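*Asks:* Keeping the supplied structure of chain E fixed, place chain D upon it in accordance with the hints.
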Amino acid sequence: MPELTLIEAVNRALVHEMAADPSVVVLGEDVGVNGGVFRATAGLAQRFGAERVLDTPLSETLIAGMAIGMAAEGLRPVAEIQFMGFIYPALDQLLNHATRLRNRTRGRLTCPLVLRTPHGGGIHAPEHHSESTEALFTHIPGLRVLIPSSPARAYGLLLAAIRDPDPVLFLEPTRLYRMVREVVEDDGSALPLDTCFVLREGPDVTLVSWGAMLHETLAAADALSEHGIGCEVIDVATLKPLDIDTILGSVMKTGRLVIIHEAGRSGGLGAEIAAQIGERGLLSLQAPIERVTGYDTIMPLYRLEKAYLPDVARIAAAVKKTLEFQ
Amino acid sequence: MQQSVAHFEIAYTQFLDEAGRTVQGFPEGLRDPATLRALYEVMVRTRTFDKKAIALQRTGQLGTFASSLGQEAIGAGVGAAMRPEDVLLPSYRDYAAQFSRGVTMTEVLLYWGGDERGMDYEKPRRDFPICVPVASHTCHAAGVAFAMKYRGEARVAVSILGDGATSKGDFYEAMNAAGVWCLPVVFVVNNNQWAISVSRRAQTAAETLAQKAIAAGIPGEQVDGNDVVAVRERVGVAIERARAGQGASLVECLSYRLGDHTTADDASRYRDPAEVEAAGRRDPIERLRGYLLRAGHWSTADEERLLAHAAAEVDLAVTGYLALPALPPESMFEHLYASLPQSLEEQRRAVAAASDA
Chain E
0 MPELTLIEAV NRALVHEMAA DPSVVVLGED VGVNGGVFRA TAGLAQRFGA ERVLDTPLSE
60 TLIAGMAIGM AAEGLRPVAE IQFMGFIYPA LDQLLNHATR LRNRTRGRLT CPLVLRTPHG
120 GGIHAPEHHS ESTEALFTHI PGLRVLIPSS PARAYGLLLA AIRDPDPVLF LEPTRLYRMV
180 REVVEDDGSA LPLDTCFVLR EGPDVTLVSW GAMLHETLAA ADALSEHGIG CEVIDVATLK
240 PLDIDTILGS VMKTGRLVII HEAGRSGGLG AEIAAQIGER GLLSLQAPIE RVTGYDTIMP
300 LYRLEKAYLP DVARIAAAVK KTLEFQ
Chain D
0 MQQSVAHFEI AYTQFLDEAG RTVQGFPEGL RDPATLRALY EVMVRTRTFD KKAIALQRTG
60 QLGTFASSLG QEAIGAGVGA AMRPEDVLLP SYRDYAAQFS RGVTMTEVLL YWGGDERGMD
120 YEKPRRDFPI CVPVASHTCH AAGVAFAMKY RGEARVAVSI LGDGATSKGD FYEAMNAAGV
180 WCLPVVFVVN NNQWAISVSR RAQTAAETLA QKAIAAGIPG EQVDGNDVVA VRERVGVAIE
240 RARAGQGASL VECLSYRLGD HTTADDASRY RDPAEVEAAG RRDPIERLRG YLLRAGHWST
300 ADEERLLAHA AAEVDLAVTG YLALPALPPE SMFEHLYASL PQSLEEQRRA VAAASDA
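Heads up: the protein sequence lines correspond to chains E and D, in order. Residues 0 to 325 (numbering that gives the first Met the number 0) are what the first sequence spells out, left to right. Residues 0 to 356 (numbering that gives the first Met the number 0) are what the second sequence spells out, left to right.
Since the hints were derived computationally from the structure, they do not count as laboratory data. It is possible that some hints are incorrect.
Stated by the list, open to error - Not the full set, but computed from the structure, chain E residues with beta-carbon under 7 Å of chain D:
hint, residue
1, Met-65
2, Ile-67
3, Glu-72
4, Leu-74
5, Arg-107
Values in this document were obtained by computation on a predicted structure and should not be read as measured data. All residues carry an ideal CB built from backbone N, CA and C; glycine is no exception.
The following block holds chain D by itself, in its conformation from the complex:
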């Protein structure tokens, strides 16, 4: 005879369905049309940027680039839910969150254009740069959150990671520690169904990624990641819960990677085009636009104005990026240590002399 000693369930939240119809009333704070329009604008600006970045890569003006196409609602929701004094620890597909926090498009282009200055964010000075080795930054988030808690600050660390990253030990170790110490950190999973060519089903036998939080003793839940209202609301609840001293949590956002993994990838090698097409019908931007138009909060003129504004913003960013000359070669020594050890002076001088010649 056995008895049940623990019970778990994973909640799922959606406000706007695939057709942009409300499935439940919007939460307090997300009923103001201006708030919804702001979320919509971030998503559109991000997509405009994304398309331009891919075009720059295809024409040899940018290095390998990771597109966030179709996943803009996650970053927009996370960015809007955070306060300026919080710290974002992003992965490489979280431009909407970064832009919301004041990272500039020029900075992101510089990064993918092979220049470290693209990580020296002018505005969110405490935010971490994009993390390429997946999941490794979740441990940093735990440390950042510890420092905030240690100093008694009402700040929160937010780490965004992908579905593939949830298979890594770092992710478990970070969540586990965050649970033990009740740290003010939120882990947001962008479950876009594909880790390069490995599908979500091939990644784990777990029914949801959210339930991985349960093993760490922190709450985990799922939201429709293409519903920016759901993302904004539930990530917001998780962030404010952390800020109030109630600890860490995980929000799994269900989305779909409409583009290739990066510009160096060709997803048609491993994905059924029908699947991609079906996923495209769940697009987060069209969904919110449909709702806003029907509700009378948005017009064709608004749309044209926004697209023109976004295009101009992106063009300005591209101009800024292309106009900035590379740093001198000896700059590779400049921030290696706080001050360059004597033993490296000779190498630095040799690089400087070679670049002068």
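Pulled out of the complex, with its shape left as it was, chain E reads as follows:
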């Protein structure tokens, strides 16, 4: 079986669904002839034709708005926003229309679209190319927000996103695009949505993260295991709607929770997870919940981005703090 990078897995999922379902169309800036600036859509235009792989004008409002019209008329558009920093003109369309159409029409018109976009920092990118603003989107009712943390999950979750009957924001951790390879069976099997993935079991502390930060989180878990500390590592994967039950079940076992995300701290998704665990699992907690996050600052340009992003040392320190709490 082939070992794929995350970006290759995204490409395989797109190819699979386009071959299986003629209603799937791809649109975005540079997704056609060029195959996307990260090559997520490489070869699609050549294989499926320019009428199914649309190089759009440079207009993000249009990309999202047009995908809504396509979806309402029965297509399955998979639109790419080139970088998350350019998604904000599309926010109006997502918030006011894509997520509301089903409810407004009592199910008469629906909006099965996928909006893919690179997410997060750590790739020495120019300004506006490194932010992680998922919490802006997890606040939107009616939206699904997904983020894979490995090639196999990218493949399976993207298939699930395309087949889902509702709008999905599919965040792709840019830093992981080519960082790791993994065996991915290109068999068209989707992964379940609205559920966390427990990547590693452990008795002492629950580490919850998503996207690229799981790379550091798993590395921290490795380092801590050498000191006899057993971490349970959870990949949230579907950021909205949130599968709090899996996280709560783990916390009830370990009694300790550390949440890791690269987005800024205040109002980040970690705050929502912490609040829900506080509401439902307070008596299971043996220590205050810790959050290891980016800072409440502007994401710095790349000379300082490592100082912004959580790393193994910060995660390990937070874990030790929960273990040492008296």
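*Replies:* Okay, now just chain D, sitting in the frame of chain E:
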């Protein structure tokens, strides 16, 4: 030394002038008196509805309502030019077009009366609901048109927007894409001269709104939007052009918002009453009635019959609207997703329990 590299002009069409006199012969297909009477009837039914809706709002039986007073010819012309299988993407002042397509008066009342069921149209199942964030639906129209073209269907998307909406980027982005891909979509601008309190002149320095199409590489033209014959004819040409695979176009319909922006607005704060009075003399309904009467295609008895019929229709719609009880509170969860995520079950149950108590 410079040379001219491109030439543009904006055509203007009118068949019936302000006094209801023909300024040119009616086009083929609009000479049949029955066709003209049908257009007239839609406009009168719409105005009867409009007046009743305002009265309901004033008496606390309807929420904020946006009147289409004085602009009925635009919707009537657009509605008549479309086929049932086409898709209308309306703004919030396009009742005449919606009624022509089978949206019911009860549905429109439900919408402004605070009930989502008012957007679950029984008849035009593919039509979009009223769009409140102006111009944002023009991008949807491009997507709908793309889907039609992609499947090789001879269908057309028609989006109606206001003069204010032409200042938004969405509108340019939609027209631009429609031009690039030669999409079967028609953008109809209801230029009623006022975007709440901002006048047409304060909205843009452009001489016409139609010329905004030129920048997108699609044809743009102007019609007298209070002349239903002109609207029906030119929007019809644009729709059939799109249906024939020749792409998108824009029709700017010159009209006037005789009423307030909505029932929550008071236009006397910012408009000269003389201007409104002058605009009232260009009324689309009186204009066509004058013509029909003089041509012998309409009588006082016809008029009385129509008004009585429209009043009865509106009364029936109001009865239907007022008789329909609100949905149970937990219905707000019903169409949030295709199936409710597990994580929302607790909230749904809490709402249901609170409403049972």
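*Asks:* Work down the list of hints and note, for each, if the structure agrees.
*Replies:* Each hint, compared with the structure:
| no. | hint | result |
| --- | --- | --- |
| 1 | Met-65 | holds, 4 Å |
| 2 | Ile-67 | holds, 5 Å |
| 3 | Glu-72 | holds, 4 Å |
| 4 | Leu-74 | holds, 5 Å |
| 5 | Arg-107 | holds, 5 Å |
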